[in-house]
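Chemist: Chains D and S, in that order, give the protein sequences.
Numbered by numbering that gives the first Met the number 0, the letters in the first sequence go through residues 0 to 350 in order.
Numbered by numbering that gives the first Met the number 0, the letters in the second sequence go through residues 0 to 350 in order.
Just so you know, the hints here were simulated from the structure itself, not pulled from any lab data.
Check the hints yourself; a few may be wrong.
Identical chains blur together in the list; that is why a pair holds if it fits in one copy or across any two.
To be verified - Derived lysine-lysine pairs resembling PhoX-like cross-links, with alpha carbons at most 25 Å apart:
1) 334 <-> 209
2) 334 <-> 70
3) 303 <-> 346
4) 303 <-> 334
5) 334 <-> 152
All of these numbers come straight from a predicted model, not from anything done at the bench.
What follows is the residue order along each chain.
There are 2 protein chains.
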Amino acid sequence: MITRAPFCCSLSIIFVITAWSHALAQSPPVRDVPARSIPVPETVSPQLQRIIGAPVSPNWNVFPKTAAEWKVQVDAAAAEAARRLPALREQLRVAIEPQTINGARAYVLTPRDVPAENRNRLLIHVHGGCYVSNPGESGTSEATMMAGFGRFKVISVDYRMPPEAYFPAAIEDTIAVLKAAHSMVPARNVGLFGSSAGGGLTLATVLKAKQDGLPLPGAIAPGTPMADLTEAGDTFHTNAMIDNVLIARGASCDTRARLYANGHDLRDPLLSPVYGDLRGFPPTMLLSGTRDLLLSNTVRMHRKLRQAGVESVLEVFEGQPHGAWYRDASVPESKDAFEEIARFFDKHLGK
Amino acid sequence: MITRAPFCCSLSIIFVITAWSHALAQSPPVRDVPARSIPVPETVSPQLQRIIGAPVSPNWNVFPKTAAEWKVQVDAAAAEAARRLPALREQLRVAIEPQTINGARAYVLTPRDVPAENRNRLLIHVHGGCYVSNPGESGTSEATMMAGFGRFKVISVDYRMPPEAYFPAAIEDTIAVLKAAHSMVPARNVGLFGSSAGGGLTLATVLKAKQDGLPLPGAIAPGTPMADLTEAGDTFHTNAMIDNVLIARGASCDTRARLYANGHDLRDPLLSPVYGDLRGFPPTMLLSGTRDLLLSNTVRMHRKLRQAGVESVLEVFEGQPHGAWYRDASVPESKDAFEEIARFFDKHLGK
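Okay, chain D solo, but in the shape it has when bound (with noise of 0.2 Å):
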């Protein structure tokens, strides 16, 4: 069982900081930090504080034994997902076409109406869900606003998952399909993004670009990045349990991502870009939220690559947990977010 908490918001401040003040006169390296009743923010909009507030995720802590069991879980989720999306498109104006491009699964995303400085331009979408989440049409949510809000065209890689294939098969997809890009517009005009595995995803390519002697990205975009699947981050202890996405720890998504390892040494750069060698990358625009449990793997990210001489920026979203501005188009939030990406692809990319 556990202790509820002994403090509530409603106590006064001067309670609190009498009790608080026992449990600091230890003052261990370690901070033991009591139990406590965090309120939603009144410093966002509703909608947003409507997912703050919102139970945790279905199935953190449930765990199949197999990656055959792994796939009726997601299969399920993603039949949910997906029933959504035909009114997210209807609601951006965004049409879809399932295509096969370089001998990888994608779908293309096209805004309706396309402003003359991105006809020549092209984005790709690397989808998140832990490395086994999302397949097919399910993974196309975040791409699809992206299409929307920014009014660029965007393939979004269907890239394969377990059961059916392990690491480094995602990237493999995802080169795969940057490779057929080169020959629709100039390697400058590419963009690249994606969030939580998809943006490790997106920082893995580029590494991998860089391996292969590929013209690179002209700018990427990962949102709250999977870049350290050894778990080390100060964010992982400070959120946990305020993080209602990811919760905590070793929870379902640390349990996917080494599935989809499958065996290979976690601190490999294509698995945990943080170690990689990021000299030469392309501008870059990393996005995290302050109760986000990636928030150090995000912020470590961006210090490595400024460290490295590339030119990248951070954006920090008040009170939102694991990749919340691509929950849910309503929130003015999101939109605020997809813009700001949008600027960020429209100053770096080629015309």
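Guided by the hints, dock chain S onto chain D, whose structure is given.
Modeler: Just chain S now, with coordinates in the frame of chain D:
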């Protein structure tokens, strides 16, 4: 009495997750977070680990009753801080000279060597200390690091504080120095920076300069700004007791800020710049840390600036509590931070 943390980091993750699932089953909009023991992160330098693992700041919950009693506490801390400054100046090869500039008390920090590109540039520093602390020379530590790591000439404003004077005296003194700077170098060659209360005052000074029709600085760098004295913001809750400097809402720093405000409406943009009209602000660099109680202040300010069309950039440092990057010049992350600020000023200031 406080309930001791029922879990410890040495227990297995699986056990923690099992226990936590009971707490989460309730899923209320208010998030109940159980007691935790948070280790010092291994993703920062050993020197920074000592700062993150240090005991909480003295006097965080000691509240003198009058401005005169505050002065006794403040002077004792200032004497302690000032003792460390000669060694810091020697280490960074920076000279100090007290001056009265346009009627305001100030200290001029001059590096032994100023590179050619900075000889026609000037930085103005506004120190922190919750609007009440760090009088006289004791407020020059951050300015000394900026002068030393960035090789800029820096004027640190020793603005009037309670009980000598109250809001808006600090802004008046900074404006006086800003006006004087315009007779020394072109306005575009002036940078303005400072952290905590100094970050709030940096922003408030630009708002006041706008109101008064003065030329604005060429760029500003407010660190972890006290940009919202109403105590709104999610990290006041999520980072409570995790930040070992500010500790929690309603602790000493907020009490000092209210002493300075002296009964004025805390939503006045000259006290809480996040509520101000930010259009036309110069390029801005904001800085914070993942454990900072004012991380929300910082990222909210950043988004407001971006939404007002300002070229604002954000730096968030791994594991750092409030203002950790200017505590100790021998910490590698301090050098990294000041060199980042220096590059920002170099990019945006006139020569």
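Chemist: Please write out, lowest number first, the hints stated earlier that are contradicted by the structure.
Modeler: Violated hints: 1 and 2; rest satisfied.
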